[in-house]
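So the sequence lines, in the order shown, correspond to chains V and S.
Once you know that position 148 of the first sequence is 154 in the numbering used here, the rest is easy, because the numbers rise by one and skip nothing.
Once you know that position 106 of the second sequence is 98 in the numbering used here, the rest is easy, because the numbers rise by one and skip nothing.
Take the hints with a grain of salt, since some may be wrong.
[Said to hold, decoys possible] BS3-like, lysine-lysine: derived pairs with alpha carbons at most 25 Å apart:
#1 K116/V with K101/S
#2 K181/S with K210/S
#3 K63/S with K34/S
#4 K176/V with K17/S
#5 K82/V with K103/S
#6 K14/S with K98/S
#7 K94/S with K128/V
#8 K176/V with K14/S
#9 K113/S with K46/V
#10 K161/S with K149/S
#11 K161/S with K136/V
#12 K77/V with K113/S
#13 K14/S with K61/S
#14 K208/S with K116/V
[Claimed, not checked] These stretches of chain S come out as covered by chain V in the derived footprint (C-beta under 8 Å, 3 or more residues):
#15 91 to 97
#16 176 to 190
Rather than coming from a laboratory, the hints here were simulated on the basis of the structure.
The structure presented is a predicted model; accordingly, all values stated were derived computationally and were not measured.
Heads up, the beta-carbon is just placed ideally off N, CA and C, and yes, glycines get one too.
The lines below spell out each chain.
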Amino acid sequence: MNKLAILEGLLFVVGEEGLTFDQIKDVLEINEDESKNLVKELKSRYEEDDRGLRIDFLGNRFKITTKFEHKEYYQKLIENPTTNFLSQAALETLAIIAYNEPVTRIQVDKLRGVASSQMIRKLVAKGFIKEVGRSDMPGRPILYETTSEFLDYFGLPNIEALPDMSNFIKEAEKEDKEETDLYTSKYKENEVSS
Amino acid sequence: MELDLKINEFEGPLDLLLHLIKESKMNIFDIKIEQITDQYLKYIESQEKMNLEIDSEYLVLASELIEIKSKLLLPNEKVEDEEEEDPREELINRLLEYEAYKEITKTLKEKEELRQEIYTKAPSNIQEYIENNTEIKSDITLDDLVDAFQKFLERKKESKPLSTKVTEKEITVSSRRHDIRNILKKKKKISFFELFPVISREYIVATFLAVLEMAKNKELIITQNDTFDDITCEVTK
Chain V
7 MNKLAILEGL
17 LFVVGEEGLT
27 FDQIKDVLEI
37 NEDESKNLVK
47 ELKSRYEEDD
57 RGLRIDFLGN
67 RFKITTKFEH
77 KEYYQKLIEN
87 PTTNFLSQAA
97 LETLAIIAYN
107 EPVTRIQVDK
117 LRGVASSQMI
127 RKLVAKGFIK
137 EVGRSDMPGR
147 PILYETTSEF
157 LDYFGLPNIE
167 ALPDMSNFIK
177 EAEKEDKEET
187 DLYTSKYKEN
197 EVSS
Chain S
-7 MELDLKINEF
3 EGPLDLLLHL
13 IKESKMNIFD
23 IKIEQITDQY
33 LKYIESQEKM
43 NLEIDSEYLV
53 LASELIEIKS
63 KLLLPNEKVE
73 DEEEEDPREE
83 LINRLLEYEA
93 YKEITKTLKE
103 KEELRQEIYT
113 KAPSNIQEYI
123 ENNTEIKSDI
133 TLDDLVDAFQ
143 KFLERKKESK
153 PLSTKVTEKE
163 ITVSSRRHDI
173 RNILKKKKKI
183 SFFELFPVIS
193 REYIVATFLA
203 VLEMAKNKEL
213 IITQNDTFDD
223 ITCEVTK
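Next comes chain V alone, as it looks inside the complex (with noise of 0.2 Å):
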């Protein structure tokens, strides 16, 4: 039997749920490299101008998706087309639990300077964040880390295509930046001669 077919349709049976790699070698009974080729294979016979899907990698899983190339034609489809998006505070929530997971909630607190409490039980409804259990700080209190579905959501494939922090993060002008390395080299000369 074809296997490229039999990805194709297992694809489409697990439809938004996607397959994991794992579950495609399992499944398959194929090894990795067999199921890496497949999968590629798949993918590029999809990318063709004459195919209306594609084989998306997201939140960790394989998944069959339109083409947003053809996104105009489905909205017409839609007689309301409601777009729902995050609030602010959602997204601020996320992405301060996604850049630090796992996180407590006062983690969270602190870094946001308000209560999370309740965007983060709204979170966790929405399966976006979940309790992966409990930290050693005192009361022990839980831990929540994103999960695939938050992935998909913003259309990532893995925690690591995050965009990178310290691009955000503003640095100070130049000169109190060689001031400070001045003083750290200075400590380490003391350190070495004491």
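Fit chain S to the supplied structure of chain V, relying on the hints for placement.
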């Protein structure tokens, strides 16, 4: 500075402070604490005048600002110290970090919008593919089935509840009399003890009364040849 903004336009005190810093074109690394504290407090006051409720978090930051301001005003005794600590440092770091997350949300928002331009489908219902796992091995004989059935029956016996409630069957003297009459018709002579096959109080009492009654009515004769001998009941001739 115009104060026509409402507090709920901000995501929190850090957001508000960032806004005020930007508004007054201050360098975030060199915040004029005195100026910004005044602006911040003025803003909070204006909200109170409008009878808007102010979350405690805003007041916490207000007190922090005042604390930093007072620290800056007080003469520093350890001026000689090489590494003089800037009381603003902690706040600046917090603001920078918060600002970074705020910037990231813009990227996330773009990604959110882009993702909504592609569609997936709900998973198909694959219930019908769930295999029925009753496999019949070819080497099974009818005897195996019978064995299995018998084992099942035994198990069923064991699974009987230990205590059951049985509806009481009423035993009357007349019914026992009838029974004894039938027995005697067949056997003519019977041991007294044989008349009590069931040991239950009602049964014994009813049977005993029946025997006495029948003896009284001369339907049977009770005899005992010797002390401790078997008592026999005989039909009257």
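How the hints compare with the structure:
1. As the CA atoms of K116/V and K101/S are separated by approximately 23 Å, the hinted pair is consistent with the 25 Å bound.
2. Between K181/S and K210/S the CA atoms are separated by roughly 15 Å; this keeps the pair inside 25 Å, and the hint holds.
3. Restraint check for K63/S and K34/S: the C-alpha separation of about 21 Å stays at or below 25 Å, so the hint holds.
4. Between K176/V and K17/S the CA atoms are separated by roughly 15 Å; this keeps the pair inside 25 Å, and the hint holds.
5. In summary, the hint linking K82/V to K103/S is supported, as the alpha carbons are separated by about 22 Å, within the 25 Å threshold.
6. With a C-alpha separation of about 18 Å, the suggested pair K14/S and K98/S falls inside the 25 Å cut-off, and the hint holds.
7. Only pairs whose Cα atoms come within 25 Å are accepted, and K94/S paired with K128/V is accepted, the gap being roughly 20 Å.
8. A hinted pair counts as satisfied when its Cα atoms are at most 25 Å apart, and K176/V with K14/S qualifies at roughly 14 Å.
9. With a C-alpha separation of about 21 Å, the suggested pair K113/S and K46/V falls inside the 25 Å cut-off, and the hint holds.
10. Our distance criterion of 25 Å between C-alpha atoms is met by K161/S and K149/S, whose separation comes to about 23 Å.
11. Restraint check for K161/S and K136/V: the C-alpha separation of about 64 Å exceeds 25 Å, so the hint is violated.
12. The suggested pairing of K77/V with K113/S holds, with an alpha-carbon distance near 15 Å, which does not exceed 25 Å.
13. Among the hinted pairs, K14/S with K61/S is consistent with the structure: their alpha-carbon atoms are about 19 Å apart, no more than 25 Å.
14. A hinted pair counts as satisfied when its Cα atoms are at most 25 Å apart, and K208/S with K116/V does not qualify at roughly 103 Å.
15. Coverage of a stretch by a chain is defined here by at least three residues with a beta carbon nearer than 8 Å to that chain's beta carbons; for the region 91 to 97 of chain S and chain V the count is 7, and the condition holds.
16. Counting residues of the region 176 to 190 of chain S whose CB lies closer than 8 Å to any CB of chain V gives 0, which falls below the minimum of 3, so the coverage claim is violated.
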